[in-house]
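S.K.: Residue numbers (numbering that gives the first Met the number 0), protein chains in the order written: chain A, 0 to 251; chain B, 0 to 346; chain C, 0 to 254.
No lab work stands behind these hints: they were computed from the structure. It should be emphasised that the depicted structure is a prediction, and the values quoted were computed from it without experimental measurement. Glycine is no exception: its CB is placed at the ideal position from the N, C-alpha and C atoms. Wrong hints could be hidden among the right ones.
Okay, the calculated bits of chain B under chain A, using three or more residues with CB under 8 Å as the criterion [stated by the list, open to error]:
#1 6-20
#2 72-80
#3 110-124
#4 139-152
#5 173-185
Okay, derived cross-link-like pairs now, DSS-like style, lysine-lysine, Cα gap no bigger than 27 Å in a straight line [as the list claims (entries may be wrong)]:
#6 B:K214 x A:K52
#7 B:K214 x B:K186
#8 C:K170 x C:K123
#9 B:K157 x B:K186
#10 B:K140 x B:K214
#11 B:K140 x A:K47
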Amino acid sequence: MNIHRLTLPLAVTGCCLLAWHGGVRLSGSDLFPTPGDVALGIVELGRKGLLVKYIVASLFRVTWGFTLAVIIGVPFGLLLGWYGRAFAAFNPLIQMLRPISPIAWIPVAILWFGVSDLAPIFLIFLASVFPITVSAIAAVRNMQPVYLRAAQNFGLSRVELFRRVIFPASLPQIITGLRIALGIAWLVVVAAEMIAVNSGLGYLIIDARNAGKRYDLVVAGMVLIGLIGLVLDLLMRQLEQFDEVRWGYGNR
Amino acid sequence: MSLKRTVTMVAAGWLVVITGLHVTLNLRAAIFQRRETAAQQFRIGFLPVTCHLTCPVTDFINRSQTGQGIFEPVRFSGWPELKEAYLAGYTPATFILAPMAIALREQGVPIKIVYLGHRDGTAMMVHKDSQIYRIEDLRGKRVAVPNRYSNQRLLLFKALRERGLNIADITLLEMPPPDMPAALYAKAVDAITSGEPFMGQTELDGYGRVLYLTKDVWPNFISCVLAVHENAIRDHRDQVQQLVTGIARSGKWLDQTVDHRLQASQFVAKHYYNQNPRLLEFVLSKPPDRVKYTNLVPLRKEFEEIERLGREAGILEGTAHFEDYTDTSFAVDDARLPAYAWEAPAP
Amino acid sequence: MATDNTTAVTVRDLWLNFDTVPVLERINFEVKVGEFVCLVGPSGCGKSTLLNIIAGFLPCPRGAVRVANEPVTGPDPQRIFVFQENGVFPWLTVRDNIGFGLTRRTETERRATVAHYVEMVGLKGFEQSYPRELSGGMRQRVEIARALAAKPSIIYMDEPFGALDFITRLKMRADLVRIWQQEKQTILFVTHDIEEAVQLADRVFVMSPRPATITTVIPVNLSRPRDLDAPGYLETRDQIFDALGMSHRLDGAGT
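Just chain A, same shape as in the assembly (with noise of 0.2 Å):
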């Protein structure tokens, strides 16, 4: 059974291969690379050095502006999942944030936190924080009224009631409000590294479209991304497998 959930994906994913190279050579584009171009690519940042040292700089980005996101975020969507006034009060501040895209905030970003990492991080930040704190809302909104109810029968005060009762009843669904935030995430780091950072695989790609004809490293800095982020995701996923929470994903 493991074989078979392997050779499909790899026969679809094959099958684009030829098509994307079929296509290019089709075309007759001199400008769009081939596959085989943009393995040549990866292999050129590879032996300049360059490849582990942008992988590094994006995740390091991602992750602490992940990080930052989830600290702030959890705690204060179950705050505001369970407190009517205080949701009242924030959430139509969190509903017109959330649409603004990161690439707006760039020049605010630049003008706070200079041109260093700082500013990065934050916009990843910005990304991020939005769906966990709805995420965290939901899942203390849609809980079951019966665990609340034998919660208090059992005397609970209002913080082991947080912590015994809300926190671990809404996690499913905090989880998956992770997952969906971590592909934000790193599907923002492109946009976040169009500040003058000189490093990170987003900055490869706006790099090598002002190198000139480097539309190879372009689409190899795509890849890279694609593959990262489909790692992540398999990583998040490993999550849902715990007992504390495999309860809230359905029967399969």
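With the hints as your guide, set chains B and C onto chain A.
M.R.: Chains B and C alone, transformed into the frame defined by chain A:
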């Protein structure tokens, strides 16, 4: 292992690992320099275009001769980020489009143009298969310019007007210069104009044809200038002077012989611009006066023409004047200035 | 109003409206300590609502509810409520669920109590399992064990076996009675299943359809374990049928 345990351990471990890797691989230089020297704090913004060539050239020659530079060049990917870094105070001096500097001054930004970046060095390219052979043929066509506040746009405005046409007779688009060659290749636009080497790239790759070189339409065309923040002028006069003198000397060096330009192509492409040296060679030498780096003192007459055109094109208000946005006290008469006496070592 | 120590629960003159719709009318009864009382009525008549009010989950706007001679102001660990389904916390193991109310005890005490009740409800061997791995009946056992472990004086049960199949229900009833005879709590048990009431209760309170009131109180004078073939069984059952206005034949007549 429980979820809580796993997550805490993995998260803590990952944070330590990735931060450690990032610091060692990418930040080591910044961390281990205890204090930035004055030169390192004096950051100059530039884009990887031939308009700003004197910036890396000055830096490279100085570092080769004395072992350290007189300023810290910072490369940006586009005009917006370069402008924002200047506004945020990150770069006390920067290469910038002349009309953009004037517009910033009109908006109250304390900016002073101290020197020019180059003369000429811009072209308009069309697709070699197109039927556009004269400027008049641009009627009804799509033309890409780098920025509303660019002299390329003003030049186009002036060229069209001299032939009885109006800017409204063409479709004008703003596009980042690195994207222009591909757009022309795909015939998404009919004509592109910006600084080099993006124009020369289309020629080198065989699908672009020159419609005009600026030297044929607006002689001694100026596009990019060197601008400095008023605070830097007030507090670091000697550094600003050193900067301008250095720019002037490298300009003279570049214009001395074609061989110097070929040398520059090599080290600038590799160490500063991350571009193909062949491209820079082409743009700097064919023809050799495609772009010039001497005669760079800001002149009132030329800027007043820019002001006038800017007002007529609707991008400048006309509230700033030559004295407001220039400071020519640093400009050196390059007739009396020696060029750098330096040759690149044989590869 | 009787105020001696043998009365566990007293309800006096309880009325309830949802907006303008009357739901409960003139509810009056007493439950003695150690009694097993069933509230029977058609679905939707409000018996669950009544139980929730007595347990303290809903406010009592008109009338008085007293437990152990104190007015009820909210839920209390001395009176544990067993829900029809999903009452068990899915993120905890069987062992942690049962021990949920025992955090103030010492580690050894807690372990001993949990082990005791795991065995009593017949779930030995499943201590480390999670609720999603158990059948519906087993989950209800966990909830009952959790209620018992907290050593309450009263247990409120809201159709706890309603989601289970017939055979499992019979087994669960037998186990419940066995445990009750050992532990001797007061139990208020809500059900729409008339047979269930006869099989379990000391007294049956029959409720009318909405707006509900207690129409009849029927004592069940049968020995335990209840024999489904005993003559008194059918008689008692038919008394309840009559109180509900239902026919003894399957012709759909009556309530």
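S.K.: All the hints need checking, so say for each whether the structure fits it.
M.R.: Hint check results:
| no. | hint | result |
| --- | --- | --- |
| 1 | 6-20 | holds (count 7) |
| 2 | 72-80 | holds (count 7) |
| 3 | 110-124 | violated (count 0) |
| 4 | 139-152 | violated (count 0) |
| 5 | 173-185 | holds (count 6) |
| 6 | B:K214 x A:K52 | violated (43 Å) |
| 7 | B:K214 x B:K186 | holds (26 Å) |
| 8 | C:K170 x C:K123 | holds (17 Å) |
| 9 | B:K157 x B:K186 | holds (25 Å) |
| 10 | B:K140 x B:K214 | holds (23 Å) |
| 11 | B:K140 x A:K47 | violated (43 Å) |
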